Amino acid sequence: WYDPSYVTRIADEITSDYKSIDPADATYFDQQRFQVKAQFQPYMDEIANIKQKYPHVPIGATESIFQYMAAALGLDLITPIEFMDAVAEGNDPPAGAVAKFQSQISGNQIKALVYNVQTSTAVTTNIKSLATSHRIPSVGVSETLQPENLSFQDWQLKQLQDLEAGLKSSG
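The sequence shown begins at 1 in the numbering used here and counts up by one.
You may find that some hints are simply not true.
[Said to hold, decoys possible] Okay, the calculated beta carbon distance ranges per label pair:
hint : residue 1 : residue 2 : range
1    : Gln102    : Thr27     : 52 to 60 Å
2    : Ser5      : Asp85     : 47 to 55 Å
3    : Glu148    : Asp12     : 40 to 48 Å
4    : Asn126    : Thr27     : 26 to 34 Å
5    : Arg135    : Tyr68     : 35 to 43 Å
6    : Glu89     : Asp3      : 15 to 23 Å
7    : Asn49     : Pro147    : 17 to 25 Å
8    : Thr119    : Asn149    : 19 to 27 Å
9    : Gln39     : Glu143    : 53 to 61 Å
[As the list claims (entries may be wrong)] Derived pair list, reagent style DSS-like, types lysine-lysine, alpha-carbon separation capped at 27 Å:
hint : residue 1 : residue 2
10   : Lys19     : Lys53
11   : Lys51     : Lys37
12   : Lys128    : Lys158
13   : Lys158    : Lys37
14   : Lys128    : Lys111
Please keep in mind that the hints were generated in silico from the structure rather than gathered at the bench. Since the structure is predicted, the reported quantities are computational estimates derived from the model, not experimental observations. Don't be surprised by glycine CBs; every beta carbon is placed ideally from N, CA and C.
Please construct the entire structure, taking both the sequences and the accompanying hints into account.
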């Protein structure tokens, strides 16, 4: 769900599947797909906006959940992959990866830190604190709808807007 191309492809595949199951209502399914596309437009516009305003800006992330979105946004996610993957799998990251990430933050090599609000460990808490002490904005993302009453696109749009605000504040 953090790869916009997957989101679009899945909506297209669902529409195609419905049309093959019920060809008589193909026009209805096409209309529904058009409505979904319209509802997703602010989300897609924000992706394009960030990509245009912040090309190749380096960011960090406490885990790999944001990799696809960072790529779609044209941001450079420079956190050691070993760090992100270990945290995503519920493991302690290797000491060398922790040291490198801390050095990136201390050296102000990243302009924002993306962290998973649903995964907090001593290491990720320390990383977030280090970023804060270096005036690097931290932007929370989640694996599930937060709050639960939002639509998918509103949930993702809010997170993207938070990221843009963080990038803007970092100069």
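Subject >> Non-conforming hints, listed in increasing numerical order >> reply: 2, 3, 4, 5, 9 and 10
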